[in-house]
Amino acid sequence: MRQNRDRNLYSLWMGKVLCLFALSACSTVLLAQQTPDQQQDPSTQSQDVKPAILAMPSYSQNIALLGTDQRYMDLETLQTRRRTFFIYGMGVSETYDYFGGNSAVQNSNLLVWSPHFAIINASNHSSFSVQYAPSVSQSTSGPSSHQVFQSGAISFGEPIARNWVLQLSSSNTYGTDSSRLVSPLAFNVNQGVPVVDPNSAVFQFNRGDVLTTANDAVLIWQRSPSQSMNFTAGESTLSSLDGRLSNTSTFTIVSYSAAVSQHTSLNVGGNYYHRFSLGSCDSYGLTFGFSHQLGRNMNLSLAGGPEFETAPCNKTLGPLGGNYAITIAYPLSRRSRVGLTASRSYATNYLANTQWTDTAAVSYSRQLSETFDISLNSGYARSVLSQTSLGTYAGYFAGTDLSWKLSRTVALRGEYRRFGQVSGGPLKSQNVAMITLGWSPLPTRIVK
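Under the numbering used here, the residue at position 358 of the sequence shown is numbered 358, and the numbers go up by one with no gaps.
Don't read these hints as lab results, they were simulated from the structure.
Quick reminder that beta carbons are idealized off the backbone N, C-alpha and C, glycines included.
Derived pair list, reagent style SDA-like, types lysine to any residue, alpha-carbon separation capped at 20 Å:
1. K405 / Y72
2. K405 / W439
3. K405 / M434
4. K428 / Y380
5. K428 / A394
6. K428 / D177
7. K428 / N109
8. K405 / E94
9. K405 / S336
10. K405 / D373
11. K428 / Y98
12. K405 / R335
13. K405 / S440
14. K405 / T371
15. K428 / S108
16. K428 / N107
17. K405 / L376
18. K428 / L181
19. K428 / R418
20. K428 / L385
21. K405 / V92
22. K405 / Y364
Computed spacing ranges between beta-carbons, pair by pair:
23. F231 / V92: 38 to 48 Å
24. A311 / T392: 14 to 24 Å
25. A311 / L286: 19 to 29 Å
Modelling step: build the complete structure from the supplied sequences, incorporating the hints.
And the structure:
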């Protein structure tokens, strides 16, 4: 059974890679057939307001590197000509796990090896990337155990016609929650500021191996430098392979953004979600919001609106609910930055059979000197379960990381993480202390 499962996972990944390679080749032919970019008349450009926040969406400008300490590639710094980069590195950690609350898991010491690999072919307007970052943990005290947590991602972004951009992305994780919590934390990049993934606050030690997938297709229409429209379709799945639980969500989102001043834009959109868990149900809603640049560095985005649900997903608040999203990206200086996100998601995340999940996360990092860096991360997740008898899941995590750069490519890090579940089942917590020796060479260009 396990060999068949691994074979299916391998076939799934190979299919995604081949499809995205084909798309990349076709888009390259399209670009080659187009005429070179022409210089526009400055008088014509001045007719439209051109705020930086609408120049290109943030998720098309940055590629988060899996298995790293919140490193990412900024596409804006690249040239127009596409180039290929091979990015790799690894970390070796000695980890001490202490479990509190009602957890039956024993305290243990672990040796964790976390390599990461990425091949990125990109320019300042297009990209194609394949990433893989496993984490192998071996117990060094108590009963012998060996676990592997695997994570991978594929992304593609390319102009397909005048004013049209297509973006495809797929991410997968596979492994137990206990192995995920000692692996490098997942993160997102918002306006050039990394923010830890708040779903790290969700963990259950007794559900065995968990497979998560998230697939998105985004079509962007840039009508003018100050107006854009996004069409998004996606699917997310969570499968507890040992517990035989499966949860799938599909969704479509349409949004329109328009600048009303040099630093402010308004947006309006609609969404539709279909969930397959304990009886399928639908939800649909509207979203109204704005984005504003405060000063030279701080970016603030607020959005919210009503959400309507059908049975059986409307048992908690009735047919009328709500959605919201808050993001703050603030590079405090050249040496420090802070990012915040908070939102309600109706798609499947890390917990099965949920009506929705409220999440929040804050990340702060500062370069103390040429050799020392410190970062603070915290997150919170609250999931309303479809089975009301189970209550509402609520969990949190907090961590700090002090890094000492020994050379340009080698760093020594000390890290502490605390995870806790405060409702929705037996109360439990996990404390993780880690000492990591990391090696991250500079990106190597393999195609000029």
